[in-house]
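Student: For reference, the chains in residue letters:
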Amino acid sequence: DAGVIQSPRHEVTEMGQEVTLRCKPISGHDYLFWYRQTMMRGLELLIYFNNNVPIDDSGMPEDRFSAKMPNASFSTLKIQPSEPRDSAVYFCASRQGWNSNQPQHFGDGTRLSIL
Amino acid sequence: QQPVQSPQAVILREGEDAVINCSSSKALYSVHWYRQKHGEAPVFLMILLKGGEQKGHEKISASFNEKKQQSSLYLTASQLSYSGTYFCGTDHNTDKLIFGTGTRLQVFP
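Protein chains in written order, with our numbering: chain E, 136 to 250; chain A, 11 to 119.
One or more of the hints may lead you astray.
To be verified - Far from chain E, by Cβ distances over 12 Å, these chain A residues were calculated:
#: 1; residue: Ser35
#: 2; residue: Lys78
#: 3; residue: Tyr84
As the list claims (entries may be wrong) - Which bits of chain A does chain E cover? Going by a derived footprint, with three or more residues having C-beta under 8 Å, they are:
#: 4; segment: 47-57
#: 5; segment: 93-104
Think of the hints as simulated: they come from the structure by calculation, not from any bench. Glycine included, C-beta positions come from ideal geometry on N, C-alpha and C.
Model the full structure from these sequences, guided by the hints.
Tutor: Below, the structure written as structure tokens:
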């Protein structure tokens with residue numbers, strides 16, 4: 136089976152530009168998570184969806200960040216306008232079922248650099 | 011709320027053992043362990059469920075102490091391939107994980 140697919144793998148853009156990160160979860164998985172990873176803050180949960188519905192977006196840094204999941208096989212994370220402090224690796228992960236006995240499967244991540 | 015991992019970093023020679031600890035200030039329902047190699051995604055290792063169950067994966071095993079709200083990861087006879095950053099993710103009976111800050115493990119020949 137294909138794993139979680141993220142695109143692009145790398146993104147370099149100038150401050151103020153809109154950035155869109157994409158994620159295709161594993162087929163049949165009903166949970167989708169967006170994480171941001173930096174040296175200073177580690178792996179932070181930004182938002183997660185269950186059955187395409189956003190459940191908890193308390194980790195979204197500010198209004199410049201938004202996420203959608205229009206269907207079970209696609210999600211986007213958008214930053215507008217982007218700032219240098221948004222530079223990080225963004226991971227998408229998916230999971231089938233409730234937390235306790237199911238692993239999360241991570242995509243390869245998008246390495247984002249805002250100049 | 012973020013679980014605390016210790017030590018922050020470990021340096022080993024091949025064949026040596028290591029223990030990584032993960033402690034939470036909140037009651038734990040389960041603990042998940044992941045390993046991330048440099049430039050790659052975190053990869054799932056194992057889940058420890060409430061009840062103190064000990065699980066194993068190759069020469070890597072883990073325990074879960076519910077009373078102490080902590081889990082420990084044991085790496086026995088380490089191999090070069092064990093190098094990476096190890097994360098625990100704690101589950102507090104919700105449908106999300108809270109990840110610790112990670113423990114960087116380096117194994118040298």
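Student: Counting residues of the segment 47-57 of chain A whose CB is closer than 8 Å to a CB in chain E, do you get three or more?
Tutor: holds (count 6)
Student: Against chain E, does lysine 78 of chain A hold up as non-interface, every C-beta pair farther apart than 12 Å?
Tutor: Holds, since 19 Å exceeds 12 Å.
Student: At least three residues with a C-beta closer than 8 Å to a C-beta of chain E: is that true for the segment 93-104 of chain A?
Tutor: holds (count 5)
Student: Far enough from chain E: is every CB of that chain over 12 Å from the CB of tyrosine 84 of chain A?
Tutor: holds, 19 Å
Student: Using Cβ atoms and 12 Å as the threshold, tell me whether serine 35 of chain A really stays out of contact range of chain E.
Tutor: The claim stands: serine 35 of chain A keeps its Cβ more than 12 Å from every Cβ of chain E (closest is about 17 Å).
Of the numbered hints given earlier, the model fails none.
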